[in-house]
Amino acid sequence: MKQAGLTSKAVLILAAAFAITMVSGSAGVSIFAEEAGSGLPAGFKKGDLAPLPAAEMIEAGKRVYFTKCVWCHGVDGAGDGPAADRLWPRPRNFNQGTFKIRHTASGELPLFDAQKPTKGQNDLYETVTHGLPGSAMPSWEGILTDEQRLQVLSFVTNQLVKDRKFDDKATETVTVLDWDQLLKAQIKATPESIEKGKQLFLDKKCIECHGAEGRGDGNAFNLKDDWGFSIQPANQHKCWNFRGSRQDAYNVKNIFRTFSTGVNGTPMPSFADNTTVEERWHISNFVQSLCERDAKGNPLEIDLLTDKPKVKFVILSGTVEGEIPDDPENELWQKRERRIVLLGGQITHKPRNFVNRLDDVWVKSLYSAKDKQIAFLFQWDDRTKSVAKEAGTKIPWQPTEVNVETHGVKEQAPKTGEEGSIAGGQNKYPVYNDAIAIQFPVKWQELPPPEKPRYLWGDEKYPVDIVKWEADGSLRAFVGTGWDKDFEDREDYTEKLKLAKAEWKDGQWSVMIKRPLKADYDEDVRFEVGKYIPMVFFAWDGHNGDAGRKMAVSAFYYLVLQPPIPKETYIYPTLIAVGIVILEGWILTRRTNRKKGKA
Amino acid sequence: MKALMSVGAVVGVIASLVLLGMIFGVIPASTVHLVEGYMPMQMLFELSIFVAGFTGLSYMLNSMGMTISRFWQGIGFVAFILFYLKSRIYPPIPFSVRAMYGTVTMVAVFMWMSSNEEDWKKFRQPILNVMDGLTPLHKGLRTFFLIAIPLGLWGFAYQSFVPQGAGADVDEPIELRTVHPAPPASTKVHGKTFVLQTSQNPYRANPEGKYDQEYSNKLIVEQSMGRLMQENANPWDPKAEGYLKNVREGGEIFFQNCHFCHGDNLNGRGLHAFAFNPIPANFTDPGTIAQLQETFIFWRVSKGGLGLPREGFPWASVMPPWEQHLTTDEIWKVVLFEYWHTGYYPRTWD
Numbered sequence: 001m002k003q004a005g006l007t008s009k010a011v012l013i014l015a016a017a018f019a020i021t022m023v024s025g026s027a028g029v030s031i032f033a034e035e036a037g038s039g040l041p042a043g044f045k046k047g048d049l050a051p052l053p054a055a056e057m058i059e060a061g062k063r064v065y066f067t068k069c070v071w072c073h074g075v076d077g078a079g080d081g082p083a084a085d086r087l088w089p090r091p092r093n094f095n096q097g098t099f100k101i102r103h104t105a106s107g108e109l110p111l112f113d114a115q116k117p118t119k120g121q122n123d124l125y126e127t128v129t130h131g132l133p134g135s136a137m138p139s140w141e142g143i144l145t146d147e148q149r150l151q152v153l154s155f156v157t158n159q160l161v162k163d164r165k166f167d168d169k170a171t172e173t174v175t176v177l178d179w180d181q182l183l184k185a186q187i188k189a190t191p192e193s194i195e196k197g198k199q200l201f202l203d204k205k206c207i208e209c210h211g212a213e214g215r216g217d218g219n220a221f222n223l224k225d226d227w228g229f230s231i232q233p234a235n236q237h238k239c240w241n242f243r244g245s246r247q248d249a250y251n252v253k254n255i256f257r258t259f260s261t262g263v264n265g266t267p268m269p270s271f272a273d274n275t276t277v278e279e280r281w282h283i284s285n286f287v288q289s290l291c292e293r294d295a296k297g298n299p300l301e302i303d304l305l306t307d308k309p310k311v312k313f314v315i316l317s318g319t320v321e322g323e324i325p326d327d328p329e330n331e332l333w334q335k336r337e338r339r340i341v342l343l344g345g346q347i348t349h350k351p352r353n354f355v356n357r358l359d360d361v362w363v364k365s366l367y368s369a370k371d372k373q374i375a376f377l378f379q380w381d382d383r384t385k386s387v388a389k390e391a392g393t394k395i396p397w398q399p400t401e402v403n404v405e406t407h408g409v410k411e412q413a414p415k416t417g418e419e420g421s422i423a424g425g426q427n428k429y430p431v432y433n434d435a436i437a438i439q440f441p442v443k444w445q446e447l448p449p450p451e452k453p454r455y456l457w458g459d460e461k462y463p464v465d466i467v468k469w470e471a472d473g474s475l476r477a478f479v480g481t482g483w484d485k486d487f488e489d490r491e492d493y494t495e496k497l498k499l500a501k502a503e504w505k506d507g508q509w510s511v512m513i514k515r516p517l518k519a520d521y522d523e524d525v526r527f528e529v530g531k532y533i534p535m536v537f538f539a540w541d542g543h544n545g546d547a548g549r550k551m552a553v554s555a556f557y558y559l560v561l562q563p564p565i566p567k568e569t570y571i572y573p574t575l576i577a578v579g580i581v582i583l584e585g586w587i588l589t590r591r592t593n594r595k596k597g598k599a
Numbered sequence: 001m002k003a004l005m006s007v008g009a010v011v012g013v014i015a016s017l018v019l020l021g022m023i024f025g026v027i028p029a030s031t032v033h034l035v036e037g038y039m040p041m042q043m044l045f046e047l048s049i050f051v052a053g054f055t056g057l058s059y060m061l062n063s064m065g066m067t068i069s070r071f072w073q074g075i076g077f078v079a080f081i082l083f084y085l086k087s088r089i090y091p092p093i094p095f096s097v098r099a100m101y102g103t104v105t106m107v108a109v110f111m112w113m114s115s116n117e118e119d120w121k122k123f124r125q126p127i128l129n130v131m132d133g134l135t136p137l138h139k140g141l142r143t144f145f146l147i148a149i150p151l152g153l154w155g156f157a158y159q160s161f162v163p164q165g166a167g168a169d170v171d172e173p174i175e176l177r178t179v180h181p182a183p184p185a186s187t188k189v190h191g192k193t194f195v196l197q198t199s200q201n202p203y204r205a206n207p208e209g210k211y212d213q214e215y216s217n218k219l220i221v222e223q224s225m226g227r228l229m230q231e232n233a234n235p236w237d238p239k240a241e242g243y244l245k246n247v248r249e250g251g252e253i254f255f256q257n258c259h260f261c262h263g264d265n266l267n268g269r270g271l272h273a274f275a276f277n278p279i280p281a282n283f284t285d286p287g288t289i290a291q292l293q294e295t296f297i298f299w300r301v302s303k304g305g306l307g308l309p310r311e312g313f314p315w316a317s318v319m320p321p322w323e324q325h326l327t328t329d330e331i332w333k334v335v336l337f338e339y340w341h342t343g344y345y346p347r348t349w350d
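Sequence order for the protein chains is V and B. Read in the numbering used here, the first sequence has 485 at position 485, and its numbers run on one by one without any break. Read in the numbering used here, the second sequence has 139 at position 139, and its numbers run on one by one without any break.
Since the hints were made in silico from the structure, they are not lab data.
Computed footprint of chain V on chain B; a stretch qualifies when at least three of its residues, placed anywhere within it, have a C-beta under 8 Å from a C-beta of chain V:
(1) 166–172
(2) 219–229
(3) 256–268
(4) 316–326
Built from N, CA and C at the ideal position, the CB exists for glycine as well.
For reference, chain B alone in the conformation it holds in the complex (with noise of 0.2 Å):
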């Protein structure tokens, strides 16, 4: 059991100072990597190495006759999962939404707590102790208490009181948008009719030339880190053919059209990305194209933020309708172009 603890211990006190090293820029902040697409899963790992860790070291500090006592255990932990929240998670998420991790954190612990009456008089012991005012510190501390409570809470109504608008700052308001919404059945583009759920890209077709999905899968990019294209499936090697033409043919397309916005690497970090809200869509995110068939993204394409229904926020799309820009081949060279890049298989119908 000790043995065990003490691993745990080292690897507390390893991960904290790990921690705050990359946010104090003691170590580079990119020691440990934040992998892109696997963030929750990433988060929900580190923090149960650093519940782990803490467990042990708490039980290795209790051996040592240095126990740290359960009202300070609980404030330690709630504060450093709000100070994980805040500093870690990158983008930063918003206030809103930390404080409400920070109430179910703060729910937790106060479980945790309370969960024998031994432990809930523990923790309560220190409270009670201020208020009471025996020493001098606690004296202290209760005057602090008795001015900062009535000044924080004039401080909080006085946010609620101001009219809306006249604080030192405004945030803009929250607007709900729909990513994907649904698509119609049909759609019609330089005068032909093309119906969504029938419709097959014309250019994933195998050197038969017939549609093949499954022939198009073992040519797309490796979906590892970095999405390199499989050895000898080069689209740019003068001898390419057919679907890896297309690729290529595609890819020509995209970066004189589409890269300004969605990226050099289609991640939606274009050269003009930063002025836009909403920001331009990510498609090595697994919840854009990797959720839709091709049809659908034929469609978003050609009609753009234009054709958008009314939940997907057509006013502020500057994704322009591009049956404007390309002909229907071209469209559909890029949506290959689009999977091939990313690595990832259209849905399909069935």
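Extracted from the complex, chain V is given alone in its bound form (with noise of 0.2 Å):
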């Protein structure tokens, strides 16, 4: 009987639910925050909790989970598997139900019926099938079936989720984000609407955790998400990295979302409550204009397997008449292409480098056979200006020494716990130089092709040339012979090399360098034009604790000294085609002479 009783006010508390929904409803919910009457969020709407899936749907989804995903999210889903400690970001711990890439509004739990792989319906659907980029979170589109990838699901809400439940309507709400009436609203992405949005940027002090010019420099050191782990505000001109980009990184929606919703775990709040939906559409356009774009201000081409731009490894360095102008606001610099070249960890040696911060520079070269000089301009986002001096750790360590292993240059133990680990430990490094090196093969026209140096600083067979800039603002010239070989010092070659600019501002790094185009053929590189020359580019982060071997490194890459373009290349084409006409009009007077005899 009692239990009876309980019922019946339960159906009573939710019919009255249900009526103030229908009022409220019925009252038109609009979408602008100061006329919304409904005390719902301006461009949200009320949604429904999902019926919880069915048993067996739970027991699947074990299954898949014990094969997938335990090794990182853990026994428990506590993101404690046996990965964990040496990722950044750390995997989720699922069991307070707080994901960050959502449709509903900030603190709610996320969208997921295991019956609904809808599009826009289902967020934890949707994460699973595109992965998280910038995380090691993969997409699983492929790999699991839509199926599967639902019952895992909804073994997760159900079971490792612990502290709410998706179903308990004494204590969920669910509020979506309404695209009918949004996408209605929207705004298109005007000169004036990013300029709007340029204004709320700075109205609404998104500058001070993403930086003045978005690249997630405005807060780099004391922001934590619920665990206590150090995280970084987004870097906007990287949309590719952004975790809820679905695998469509210029796209809007993404950012209208994100900046809706909030990030829940994270210092990213909803901005629902005090902007306009209007207001948001101009930030999400100006956001999206920030991502990087080619010399057309058209979107990269993003490599869906990867979710990073695509890459060419093919650096072109262009050739001009005169002297190469120290400034890159130069003309010639300006209207010279630049090309990304991808970092990944340096997880071959140790200490291995689990977490680079930096994963990708963009490079432009330029070279004047006249002055015999060749020069490159770096530019590459780091959140933190790091220079060992300022910090006031002097960096205990020779420039040539390689082994800084001894020197308390560790990398990351296994299994440390929490407390220990990589997500721990950030931002607690002592601080050394940023820097960026470069590196080509001594000799390179004798290798016998595809042979090479090794990537990582040669080896005895075939030593390199490695130019290192550091923060501090040494420019330094020396001899690779090997991975754990120390450099060898070149102090004659070192004066000849020119630092002509290094900066850091809002977040970036400019550095260019110049270095003459020929110097001793037995011992530095000759660049010879037309040619493909191998190099390596590396690349350290000083607030991360690189230093020595724990940096980004890059794959092999070409240098491609482009010629000047020579009279002959248009005289023999033109010859070719004038040679074609008189051809064409013999064809056709034969043609006509036959018909004519036919006739």
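Build the complex: two chains, separate frames, hints provided.
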């Protein structure tokens, strides 16, 4: 009897709730914050809790979970699997039901319905399908079937989310972004809208965390997630790394969604309560406009297998008549095509760098045959300017020293527990110099193709020429003869190098170095026009504890000095074209004559 | 005959609509999945559906009095193949390979067009019409071609006369690498010599502790979509002993060391994989560990990129010599895990 009483009470409450919803619904849910009478944030509508998945779904999902997910997310879903301590960001701890990418209002559970894998209506399903770029969470599309993805989510939401219940009507509410209305109110990304967004970016204090240029350099040290781990604001110039990019990096809807819902578990709040829908579209348009583009202003082509821009392994160096300008704003540099070089962590030899905070460098190059110089302009995003001396820590090793493990630069142990994990240790490293280096084979002309010196500082058979710039202002030349061999200093060549520019501004380094085109053949690299010269890039982030072999590294790229185009290149094709015209005339005349003959 | 052909026509229309819809984003691009590992078979299957569909379509149009001339059929088919190769196949195949397939298609279509005298006449008639320029349209076309052909050839010749590297774009040189080079007869790891022909994975053992591949084969993941573990064979079961416990320990090592490149699903799409060239090996591909002996993997893992012979491009491989990081036992367990997780059986010497 008592139970029945309880049930009828619950029904009453539900009915009342339903009636209120109906009334507010019929009053018309306004999408403008200041007009909202419904108590809902602007642009949202009331949603329903999804029915619980069937018991078989949950049971089947357990099998998926313990085959695929347990390795990072752990036996209990606490984000403490075997891989966790070497990852940053750490794998999600499901227990609290905190999920980042949602269509629901701030603090609410994400949308998940085991029966409905519909786009825009099933946040968790989309996360598993598309993965979370910029983290270790891959896209499971094509690996797990739709059914299996829904099964594993059924298991996670019902068994591993422990502090909240997806079907508890007493505690959970569902407030969903109302795309139908929002898309009707969508504002095109016109220059005016972007300008308004830029102003709002300032007014709404976005720059406090994301930085003046949106490179995530505003508050890079003090931000923590709900579990106390250091996290960093998103760099809006790399939209392909947005966790919520859903493999559609340049889609402004993703930005609008994140901006409206906030990112649960992180300091990124929802702006639904203090912006109008119109303002949110302006800001989203502005943020979207920050993402890197090609010379014509088109979005970069993103490789769906890697969620990174497509890369060409060739760096082109353009020719200039006179002197190479020192100013990157000079027209000659501005017109020069830039190429992206992707960087991964050095995870071959100890100390391995499992988390590289630098993942790309943009490179431009010019050479002057008359001045006998070649120049490289490197531009890369680094949220922190790191100079060892300024921070009061003098680097305890010589610049030629390679094995700096003895000085305490260690790799992350595999099992430390949360406290000692990479996520726990971020921003607690001693600060070393930011740095960048390029490597060429000495006497590359004599290499029997495709042979090369080893990518990591050459080998004894083929030494390499390394030029390294560090944030303390030094620019030095070395010889490398192997990954574990100390560099040899080359002071005579160091003297010929020139640092034209080194500046850190709003989360970006711009470093321009110049070096001789032709130097001593036996020791230095001679840059020859029109040849493929193998090249490797290295970069260090001083605030990531990067030093020695702990760094980011690229694959082999090829530097090609583009030759000027000689006159013959235009003459011969013209001769050929004239020949073709004559041939055409001959064929047509013959045809006419034959027809005449027949007639 | 007519019924059969109309079925073909319907198939052709539907298939074309689905293909166009997927390519132009009208319907989700994943409507017809490309099944990983079976792509060549799927391509052939899809193309044969299209050929059957087009046959039906052309028959139906013909019987309705809307004949498409031989000339346009040929042109249309070549264009379709080129379009299909460019838009449907993912990851995209390079232009040179597409050009090769395109040429083969063109030759085939040419043979089809010239298979008998009547067809050949029909085929070349439109070309002759343009050359004669009898109607204003043909005259216009003739003028267009008279200008376009020399111009096009000028561009083509210019491309070939431009000095290497001066063009707007320069491709990286093609360097062919042997992915699975010949292994040595034996390898020395942590002071112990392993003869590749006779060594066995000490952890591939049955409950009696004997090397037993048949036993372990029954406990690996299912070789179906998703590759899930067998029922009642959970390595994470606290009661798991022997082989399954070793699989779990191997997995722990894999996810602390290897997944950064080889990926959470062992498909070579790890966190750092995007930066490297050559890309990391995809163990779920039937062409990698499924083709190799366990001892080969043991050698490759222990010695890494540094241990490769010249044809394997040791200078470009970022694969660590794992003996620098792992014990012999740990390496064997990782190898065990890789076969368990992909559902492949290691090859044996007999």
